[in-house]
Amino acid sequence: MKLKTAALACASTAAMLIVGLAPAASALPVTVAPTLLEAGSVQDDNGVLAVSATSDSAITQITAHFFAQSDDDGTEAATEPETEAGETQDFTLHSGTADSGIWYTSQPVQLAALGDYRTVIELTDADGDRTEAAGGVLDYNYTALFQSFTATPAAPDYFHQEVTVGGRLVVRHPGTRALYPRQSVPVQLLGLDESGAATTATTDADGRFKQVFVPKHDGGVSAYVTGAQTGSPVRIAIAQSATRVTLDAKDVNIKPGQSAKISGKAEVEAAGGVWKPLAGQTVTLDPQGSGDASTTAVTGADGRFTGTAAPQSSKAVNVTVGSDYEGFLAASAVQVARVHVAATTSITGFTASLDKLSQLTVGGTLETGDRQPDSSKAYIEYSKDGRTGWKTVKTLTTGVDADPGSFAGTFAAPGKGYWRAHYKGTPDFGASYSKVLHVTRTATRITGANASPEPVKKGKTITVTGKLQQQLASGAWKAYGSQKVTILFKAKGAATWQVLGTAVTKADGTFKKGFTAKKDGTWQPVLLSPDSAHLVSYGSEDFVDVK
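Just so you know, the sequence shown maps onto residues -16 to 530 in this note's numbering.
There's no promise every hint is true.
[Stated by the list, open to error] In the SDA-like style, the derived pairs of lysine to any residue whose C-alpha atoms are separated by at most 20 Å in a straight line are:
hint, residue 1, residue 2
1, Lys473, Lys502
2, Lys443, Lys502
3, Lys473, Lys496
4, Lys443, Lys360
5, Lys360, Asp386
[Claimed, not checked] Restraint ranges, calculated between C-beta atoms of paired labels, are given here:
hint, residue 1, residue 2, range
6, Gly484, Ser336, 23 to 33 Å
7, Gly352, Val197, 20 to 30 Å
8, Pro164, Thr75, 48 to 58 Å
9, Gln171, Val319, 43 to 53 Å
10, Asp110, Gly69, 26 to 36 Å
11, Gly464, Ser341, 32 to 42 Å
12, Thr80, Tyr207, 36 to 46 Å
13, Asp73, Gln171, 34 to 44 Å
14, Gln130, Gln271, 51 to 61 Å
15, Gly79, Tyr308, 25 to 35 Å
16, Tyr308, Gly69, 52 to 62 Å
17, Val197, Thr265, 12 to 22 Å
18, Ser53, Thr80, 29 to 39 Å
19, Asp234, Tyr207, 53 to 63 Å
Calculated from the structure, these hints are not laboratory results.
Predicted, not measured: the structure shown is a model, and the values here were computed from it.
Heads up, the beta-carbon is just placed ideally off N, CA and C, and yes, glycines get one too.
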């Protein structure tokens, strides 16, 4: 078989480490002999042959024979002798171990002509066992690659916006590694066009190509040629120039329905820290919060602008130029123009109720018309007489449900007194008060609580006694008769209380209830369910040892 000459060919990018590998057929089916797993060109380095093999002992010698591939279906006429194009024993272990690894030729294979070559691999191990098997294909052809690919400048700025991307396309000989330029080849450049479409640049006689463009934002640019290694992407990072906005006034007062005029000057920082007028750029006026649309104004040659904002309520308007996300101009620091529109407020639906545990629950709604403060608080105030000595007991934030002005809360409170809600207001919203509510429950107490005898024999009677009283308006305590006192018991070591019974107080407030002694534990009388005008009270706990 004669050696073939191959036309110039570009190497396809391979997905595996070894290109063109084929399963090997063992010449000698001896289980202890070396086994050829794969053999073929190394990815992106066609002139280097890789051999993957394993054996029961160290592989000591590898010989590769190369035969030119046939142009037909892979078979040669029986009368035509097959000519070996070359061989090599120059292998170095690349990875793995001597008995199971991958070997590379130490130097590129040297063959007389380009082309695809069938391989036959001889393997010999330390035991003297030898295998000869067919390997894969050595892709002994030119490799097309980008010798260089750059972007200049890689960090363009507002004053130098054009970027030139370019490089050199060459082919490399698989054996000698000599490089030759590729001429008149269309190179696809990705990353120049915002639409994602490729831009084409054609190589010159020296294989060089270039393209000039103005980037819109940071990004990567890569070069691609069919059949060639993709050029390493280059990163273009726009060096954004600093900008600033100076407002003529930071506070603007208007009436409802009017538009506020917001004016100022936009500038860009040049070399040496010099600030220059920023002409023809868009200034954004963005009301904070929701419900109001942003507006824009365009700077004149002197960098000055005048815009309008018509928020529905008093709002801060953020004024900026530039963008941190794209373009040559960094976003300026936010300048805030505060537009003030007066508003009348009121507190409606104020309620206050005191439960038996002396917990006060209040609620109401802060009404501010069509507008709401960014953040508002209702101050719950208490007075003994409803006229003087008001003090804040609790502060509640509005917006507890679907109504943004609503507020509600529950907290410990005195048994008697007067309550109101107070909104203190802001420069944009007036202060307001709710109606005053009188809330009262009479305090109670249990004195002289006792469980006896102590100790007591099991099965005998334990008697729980005490006296229930209620507090008069004068502050004095009076017997509270005809009330049910609940007797609680908690066994020794237990975590929860049990209701064992009730005792009804006499006219003098005293009560007594007997129980059969069963186990050690703590006893306590409690006014657990008072009427709507009284508060819960607890007698002292008393431990009784049952013998």
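Against the structure, the hints:
1. Lys473 to Lys502: Holds, at roughly 10 Å.
2. Lys443 to Lys502: Holds: Lys443 and Lys502 sit about 11 Å apart, inside 20 Å.
3. Lys473 to Lys496: holds (16 Å)
4. Lys443 to Lys360: violated (60 Å)
5. Lys360 to Asp386: holds (14 Å)
6. Gly484 to Ser336: 23 to 33 Å: Given range 23 to 33 Å: holds, Cβ gap about 31 Å.
7. Gly352 to Val197: 20 to 30 Å: violated (50 Å)
8. Pro164 to Thr75: 48 to 58 Å: violated (32 Å)
9. Gln171 to Val319: 43 to 53 Å: Taking Cβ atoms as reference, Gln171 and Val319 lie about 48 Å apart, which means the hint holds.
10. Asp110 to Gly69: 26 to 36 Å: Holds, at about 28 Å.
11. Gly464 to Ser341: 32 to 42 Å: violated (22 Å)
12. Thr80 to Tyr207: 36 to 46 Å: holds (39 Å)
13. Asp73 to Gln171: 34 to 44 Å: holds (38 Å)
14. Gln130 to Gln271: 51 to 61 Å: holds (55 Å)
15. Gly79 to Tyr308: 25 to 35 Å: violated (48 Å)
16. Tyr308 to Gly69: 52 to 62 Å: Distance hint for Tyr308, Gly69 holds at roughly 58 Å.
17. Val197 to Thr265: 12 to 22 Å: holds (18 Å)
18. Ser53 to Thr80: 29 to 39 Å: With Cβ atoms ~36 Å apart, the hint holds.
19. Asp234 to Tyr207: 53 to 63 Å: holds (57 Å)
In this structure, the earlier hints numbered 4, 7, 8, 11, 15 are contradicted, and the remaining ones agree with it.
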